[in-house]
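Q: This is what each chain is made of:
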Amino acid sequence: IPDSGNKYYLHFTTEDYKSGESAGSCLATVLYPKAKSPPAVSIKCTRTRDQKQIQEEDNRLYQKIRHQTKPIIGSNIPDSYGIIQPSLEPAWALAVAGSSYIMWEKSTEHLGYFMAQVKAVKQWLREDDFVEFDYTVLLHEVPTQEIISCHMRLTWLPAHPLKVKYFCASESQGLEEASGLESGSAAEVAHGREANF
Amino acid sequence: MKILLVFVALVAAARSEELFVGHQVLRVTADNEEHIALLQGLAEQAELQVDFWRHPTSPGNPADLRVPFSSLQAVKIFLESNGIPYSIMIQDVQELLDEEKKTMLKSRRMERSTGTFDFASYHTIDEIYNWLDTLVENHPHLVSKIQIGQSYENRPLYVLKFSTGGSNRSAIWLDTGIHSREWITQATGIWTANKIAEEYGQDPSITAILDSMDIFFEIVTNPDGFAFTHSSNRLWRKTRSLNAGSSCVGVDANRNWDAGFGGSGSSSNPCSETYHGPYPNSESEVKAIVDFILGHGNVKSVISIHSYSQMLLFPYGYKTEPAPDYQELNELAKKAVSDLAAVYGTKYTYGSIVDTIYQADGTTVDWAYDNGVKYSFTFELRDTGRYGFLLPSSQIIPTATETWPALLDIMLHVLEHPY
Numbered sequence: 001i002p003d004s005g006n007k008y009y010l011h012f013t014t015e016d017y018k019s020g021e022s023a024g025s026c027l028a029t030v031l032y033p034k035a036k037s038p039p040a041v042s043i044k045c046t047r048t049r050d051q052k053q054i055q056e057e058d059n060r061l062y063q064k065i066r067h068q069t070k071p072i073i074g075s076n077i078p079d080s081y082g083i084i085q086p087s088l089e090p091a092w093a094l095a096v097a098g099s100s101y102i103m104w105e106k107s108t109e110h111l112g113y114f115m116a117q118v119k120a121v122k123q124w125l126r127e128d129d130f131v132e133f134d135y136t137v138l139l140h141e142v143p144t145q146e147i148i149s150c151h152m153r154l155t156w157l158p159a160h161p162l163k164v165k166y167f168c169a170s171e172s173q174g175l176e177e178a179s180g181l182e183s184g185s186a187a188e189v190a191h192g193r194e195a196n197f
Numbered sequence: 001m002k003i004l005l006v007f008v009a010l011v012a013a014a015r016s017e018e019l020f021v022g023h024q025v026l027r028v029t030a031d032n033e034e035h036i037a038l039l040q041g042l043a044e045q046a047e048l049q050v051d052f053w054r055h056p057t058s059p060g061n062p063a064d065l066r067v068p069f070s071s072l073q074a075v076k077i078f079l080e081s082n083g084i085p086y087s088i089m090i091q092d093v094q095e096l097l098d099e100e101k102k103t104m105l106k107s108r109r110m111e112r113s114t115g116t117f118d119f120a121s122y123h124t125i126d127e128i129y130n131w132l133d134t135l136v137e138n139h140p141h142l143v144s145k146i147q148i149g150q151s152y153e154n155r156p157l158y159v160l161k162f163s164t165g166g167s168n169r170s171a172i173w174l175d176t177g178i179h180s181r182e183w184i185t186q187a188t189g190i191w192t193a194n195k196i197a198e199e200y201g202q203d204p205s206i207t208a209i210l211d212s213m214d215i216f217f218e219i220v221t222n223p224d225g226f227a228f229t230h231s232s233n234r235l236w237r238k239t240r241s242l243n244a245g246s247s248c249v250g251v252d253a254n255r256n257w258d259a260g261f262g263g264s265g266s267s268s269n270p271c272s273e274t275y276h277g278p279y280p281n282s283e284s285e286v287k288a289i290v291d292f293i294l295g296h297g298n299v300k301s302v303i304s305i306h307s308y309s310q311m312l313l314f315p316y317g318y319k320t321e322p323a324p325d326y327q328e329l330n331e332l333a334k335k336a337v338s339d340l341a342a343v344y345g346t347k348y349t350y351g352s353i354v355d356t357i358y359q360a361d362g363t364t365v366d367w368a369y370d371n372g373v374k375y376s377f378t379f380e381l382r383d384t385g386r387y388g389f390l391l392p393s394s395q396i397i398p399t400a401t402e403t404w405p406a407l408l409d410i411m412l413h414v415l416e417h418p419y
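Residue numbers (the UniProt record's numbering), protein chains in the order written: chain C, 1 to 197; chain D, 1 to 419.
Because the hints were derived from the structure by calculation, they are not lab data. Everything numeric in this text was worked out from a predicted model, so none of it was measured. Treat the hints with caution; some may be incorrect.
Stated by the list, open to error - Keeping only pairs whose Cα atoms sit at most 20 angstroms apart, straight-line, the calculated EDC-like set for lysine to aspartate or glutamate is:
no.	chain 1	residue 1	chain 2	residue 2
1	D	K76	D	D51
2	C	K36	C	D16
3	C	K165	C	E105
4	D	K145	D	E127
5	D	K347	C	E15
6	C	K64	C	E105
7	C	K36	C	E109
8	C	K52	C	E21
9	C	K64	D	E95
10	C	K122	D	E99
11	D	K145	D	D133
12	C	K122	D	D98
13	D	K347	C	E109
14	D	K102	D	D118
15	C	K70	D	E95
16	D	K347	C	E127
17	C	K122	D	E95
18	C	K70	D	D92
19	C	K70	D	D118
20	C	K64	D	D98
21	D	K335	D	D355
22	C	K34	C	E109
23	D	K102	C	E89
24	D	K195	D	D118
25	C	K7	D	D355
26	C	K70	D	D98
27	D	K102	C	D79
In isolation and in its complexed conformation, chain D is listed as follows:
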């Protein structure tokens, strides 16, 4: 019967009809041979369309009947007037089918993630952290995992290091997921990290880059926030640090950097989504990166990935005065955006943060730029508001695929313009 139910569900799903709304399954117990004969007569009345899931065999053994909504009254009256006891096993068959489809989808999702990693679906923090180890295992001579610190709730902050050797080579920093609700970014990060590892030795650009430079990639930059989006609030943006004297939780990790900190492009209210925090680098998630980049001393590019809006941005966000390297950054952004659009036609706008999106103070890229990292960019990935943060997983691979050439453009430019 289970097989029949599943088959019927698949057929219904394939035809995308609702075939069984209001249908009920009745469990009927024939007490004697007469009842059995009556039930068989019921089966023969084609216009009633009663579907026997379990046939009446002998007295005392239950029979299960699926009865369409339109025949329900007639069948029930028939059973009652003949003294045949019955109970309602399934109140609404369609509801059950819908529920089952949901479960099937869910388990399919789970199945896919244990076998080979499914890049086309969204993952939990545990799945991602496990995958980081898998990536290292699969590319032991290229990729390693380092821990740069701990989150507020003591989760490890992991960074993937892509290196072909050397000692403290010039480096490119990439991060995704600093705002936890921007799920397309962590997902794109995973795909991209995998792509870097796979394409080294195959793609001439990434090979040239990695032969001279290192890449550091933090995929879950805000693990506490990310865990919270899975457990409690899908639209959570900030960290999960407790704020003294307030019932509101969290700091906007992209307003917590020491560049124009505390200005009007951020909020001093702990309850606000753009709360900058009590002081710069108050967030351990931010401080860990600051310490890493300053300690490294040779980072030439910082690319911080967000969603949504479809934009490629560069400093400044905290002031309107153009950055000294405005021309070069603007030209590079223009090229990257053009190569991105060439893949699927996705249109991006580009420019400085303050010109293109809005004034934002204390951001990652402004801090990086003011600390000597010339090639500092922020991506805002898909879409432009239709799904916003809730981008369907079917768009993960297309988004990552189109972003790849844009990232390569920037990284190649960094390679070819040492400073």
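Here chain C stands alone, though its shape is the one from the complex:
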């Protein structure tokens, strides 16, 4: 759009990350303004999955985590061979959700991300009902192919939005990527973004 920026029209389908089962489709527009600022997004999704079922799954995940007698600690998830220890799967699942928030904020018109690996995870036990995890996640950046290391602090309670605080450092020296302290919570992101998983 002349003098304004580039506008993208998207139609995409979604699927459950664990089961691969279809979870609905979305129509969205994304406008990247000429002046580099966050894009303007409007999105509408139809959901095929039952809210009640999602809530039940959330609760199951939550119980699984709470049921542990010792705080969850792990590293290299998945490992070099792509294996995720069953006992670490809940922590991995939360990392995927939390990282998606980081990637959402970091993505630009020309830079995209994938979560490559959870380098380390440590659970902080809390007195209240929230579960809290400290992560080092590695993000794969395209098209630069760089591996970005991010420190992520995540807090969650079912039926509440995920709270994510993070700080990413570029692994590559010499690139003047902005690495300032960034933080936020899912509550601040009013893009209609689902924090349920």
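Chain D: place on chain C using the hints.
A: Relative to the frame of chain C, chain D by itself:
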């Protein structure tokens, strides 16, 4: 006791429960007959669920007791108040079981690779290099191994030659592992090389191809990088060459070719993952292939295999202008991708590099194409980002299996369209 531990672990694993979290194993030494009687009384208290791994027999001989977490306090108080000495042999039984399961998996992996080669697991460079010799031994009239050069750290660069004879026949070049972290590619390369050897004389397509043409297959195209992914950094991509004046190591071997070299689809920063290197073919790993292909003079197709993204790509990457053979390459890609999807439903996108993925300068296939190799393709294998580079080994055989018909499509087309 070891057998019991293993059995219990297997049962627990089969039921995928954590049965022994917080359980401890106490080593108790009965000093006299009274202690022995007391310990036997302890065994009879069913609600405590104390499990004797070693029974108290006579004074002075130790007994080993597995005590569930919930009974620990009671049992310890019992022992202490009766003056029966004990020590904690195992702090947490579940931890030990977890550790053991890990070790078992690891040794199973090792076991499988010494007997018959396990195509369903990832291997080290030594294992792969040994297997190359095995393949040649098993198919001496079809397969030979040649060395085309050396890596920066002086590792041999081996290429498998599949040939039924002739002299300098038209040839197809395949390579995997140019980016070392893309482990699914070397693994697929091994399976595919084996498949070519096995299917010659059985499958009509590959038989027709090999009756007229030769296939050259480099499986570990970046051995230094590959060794590094095993020893130090699983996500290493580049070569391991030292860069003058920089503390950063390595060059992106797929930006080092002399086609659009140095453009914005690569980086001039040695610390970058897409660093193109000081000049084209600066990397011995790349130069070896360039020299081989130019020296051969009759290579009709170059297929370079990468991961991940699930794409089938052809030139150009360094410019947006369509390749002269765009139509034909696009049609062939379309067919190959369709045949790939027919196996397990895996969806690939296809098109020129610049249209489908992003601008990339100095790539293998662009160089090959600009040097007269019409049928130049790049595969990006599974997946689309969920596991990315860390694709579980359970997907090796499915990935290789579905890619096979796509490769055959391309090779057959090359056979049927000589130029």
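Q: Regarding the pair K36 of chain C and E109 of chain C, is the alpha-carbon distance no greater than 20 angstroms?
A: holds (10 angstroms)
Q: Below or equal to 20 angstroms on CA atoms is what counts here, so check K52 of chain C against E21 of chain C.
A: holds (16 angstroms)
Q: Does D98 of chain D lie within 20 angstroms of K64 of chain C when you go C-alpha to C-alpha?
A: Distance of about 18 angstroms is within 20 angstroms: holds.
Q: Holds or violated: are the alpha carbons of K7 of chain C and D355 of chain D at most 20 angstroms from each other?
A: Roughly 18 angstroms separates the two Cα atoms, so the pair holds.
Q: Next pair to validate is K122 of chain C with D98 of chain D; report whether the Cα-Cα distance is within 20 angstroms.
A: The hint holds at about 18 angstroms.
Q: Quickly compare the C-alpha distance for K64 of chain C and E105 of chain C to 20 angstroms and report which way the hint goes.
A: Violated, at about 29 angstroms.
Q: Tell me if the straight-line CA distance from K145 of chain D to E127 of chain D falls inside 20 angstroms.
A: holds (15 angstroms)
Q: Just to be careful, I want the Cα atoms of K145 of chain D and D133 of chain D compared with a cutoff of 20 angstroms; is the pair within it?
A: Given pair K145 of chain D, D133 of chain D holds - Cα atoms ~8 angstroms apart, limit 20 angstroms.
Q: Just to be careful, I want the Cα atoms of K347 of chain D and E15 of chain C compared with a cutoff of 20 angstroms; is the pair within it?
A: Distance of about 15 angstroms is within 20 angstroms: holds.
Q: Please verify whether K347 of chain D and E109 of chain C have alpha carbons no more than 20 angstroms apart.
A: violated (25 angstroms)
Q: What's the verdict on K195 of chain D and D118 of chain D, does the C-alpha distance respect the 20 angstroms limit or exceed it?
A: holds (14 angstroms)
Q: Starting from K34 of chain C, check that the Cα of E109 of chain C is at most 20 angstroms away, please.
A: With Cα atoms ~11 angstroms apart, K34 of chain C and E109 of chain C stay inside 20 angstroms; holds.
Checked against the numbered hints given earlier, the structure breaks hints 2, 6, 13, 16 and 19 and satisfies all the rest.
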